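Undergrad: Chains as they are written, first to last, in the numbering used here: chain A, 1 to 255; chain B, 256 to 600.
Warning: the hint list may mix true and false statements.
Among the chain B residues that face chain A by a calculated CB cut under 8 Å, a handful are [what the hints assert, rightly or not]:
id : residue
1  : Gly543
2  : Asp545
3  : Arg547
Hints in this document: simulated from the structure, not taken from any laboratory. Keep in mind it's a predicted model, so treat the numbers as computed, not measured. The beta carbon of each residue, even a glycine, is placed where N, CA and C say it ideally should be.
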Amino acid sequence: MLSAHNLLVRRGRKTVLADVSLQLESGEVLGVLGPNGAGKSTLLGALCGELRASEGNVLLDGESLDRWSGTQRARRLAVLPQVSTLDFAFRVEEVVGMGRLPYQSGRARDAEIVADALAAADVGHLSGRSYLALSGGERQRVHLARVLAQLWPGQAGQTLLLDEPTSMLDPLHQHTTLQAVREFAGRGAAVMVILHDLNLAARYCDRILLLDGGRPVALDTPAQVLRPESLKAVFGLEVLVQPHPERGHPLIIAR
Amino acid sequence: MTTLVKPRGLFTGLILLCLLATWLSLALGPVSLPLFDTLRAALRMIGLPLAPEGLEQAELILGQIRLPRTLLGLAVGGVLALSGVAMQGLFRNPLADPGLVGVSSGAALGAAVAIVGGTFFGGLPEWFGPYLLSVCAFLGGLGVTALVYRLGRRNGQTHVATMLLAGIALTALASSAVGLFTYLADDATLRTLTFWNLGSLNGASYARLWPLLIISAGVALWLPRRAMALNALLLGESEAGHLGIDVERLKRELVFCTALGVGAAVAAAGMIGFVGLVVPHLVRLLAGPDHRVLLPASVLAGASLLLLADLVARLALAPAELPIGIVTAFIGAPFFLYLLLRGRA
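Construct all of the structure, not just a fragment, from the sequences and the given hints.
TA: Right, here's the structure in full:
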């Protein structure tokens, strides 16, 4: 279980993230929203140990993050960065298979898991293709499959951090991807996902953290966070919020 | 682009190629031995009494000249190709070359100091004389690489891009220092220096061979253990870190193995270009980028191709001998251009 206490991150003299305390709960999808430069990726970087917090600390299973050995940490915490650069012609299933690096689960079991993860990210049909021959959105889904394989099948105590996993996806795959993430969380893992689409966040997240200028503005259920006043204050965007006609979650419409 | 060859087929082919190259390298030269005599003499030398007597001359040529030269070629080719894989992994770029971290230019500087300044090392013991050049080249390569690595480090992290730039700057600096030594050299030392810079397997001796064989074997045994980590590194440094790899340690190991391997190869055989760049590339085209295959296959391919290049160097103008660096550049540079143009199409 990943938790952060009073995180403060400075870049040079500028404070880019402050006053963040949060606990990622088992089985829950936590969405992070905020305008460009609000500190979303900084938060993710600090939570996974890539950025050192100037103050505060990050605990994984009650133990400070940097005290975990690489392999033990990798079995509990997987991270999908915003963009991945891979310039070598690995086959799709080889890329996803790299997610099994922290384990010695054997070739047969790894192949099963890779197949399951590929199916979950809806890239099973790309098996055998060269990674370099894929489109941007396909590559993004292959990397999602890789981090899913790293924690597969997903259980309580594991954490998945996703930085804009839908940024390059077509409308259908934005939904199937977040649906897959929800199902993954349903097996017990905690998920934090950075999103830009308010309606996707409203539909798939259990809680939403709204960031502005490096500080948390709200951390609550979508219905509580996604209100016209707070969206106006943070994004400067005039919106109407109505319940979704079929599902009931908030539906955000720009005015 | 999918792989053309299955690993099993690739290794079978490469082992056969390597054996063939070794056989030819033992047999051919200014005094060419019949191929079957070579085989029988070689078998006798490793203790298999299958062959009749009367091959003393062949055994002498093999043992004294051809065998050390062949072993030198195998080790140099293998370790240069391995270092190429290590650097292409470190810089996550299939067009990286071992020279990028300054090891070759450092070795060249060390060699220039030894060749031109050799007369000033008057106080050295007599027996050390023949090794002076190799030792200076090795230490030069190691020293410049250590400096490049040091310059790339900041806040306990190695910045690969900074290392790349530091490598370019120090290579330029070392080249100008070599230029200064060239200017100061008299005609005889100038010739030695020039030929050393073109590389040669000529004059191989067991005494100079052992250090290289030990270092090459060490590097060839160590790097494949890190094959999976190298695969992960190609995803990106932070991605590899999230997969549990100690990335700083891995980078240190890659630089260290390259410095040792290329330093020892250059010290023993002079500057031989393009092997480290082209061989891994070629293997990747055949078998894909997985380091579990790429590393051992590059050793075999590098060793075989360098022996074949050496055969060309020996036979093209026989009885005179071409520097092998000329041969590898003549074959390697157009091939490299072909790869560039092919990738653009």
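Undergrad: Indicate, hint by hint, whether the structure satisfies it.
TA: These are the hints, each one checked on the structure:
Among the interface hints, the one on Gly543(B) holds; its C-beta lies about 6 Å from the nearest C-beta in chain A, closer than the 8 Å criterion. A hinted interface residue such as Asp545(B) counts as satisfied when its beta carbon comes closer than 8 Å to some beta carbon of chain A; here the least separation is about 6 Å, so the hint holds. Because the smallest distance between the Cβ of Arg547(B) and any Cβ of chain A comes to about 10 Å, over 8 Å, the interface hint for this residue is violated.
Taken one by one, the earlier hints fail for this structure only at number 3.
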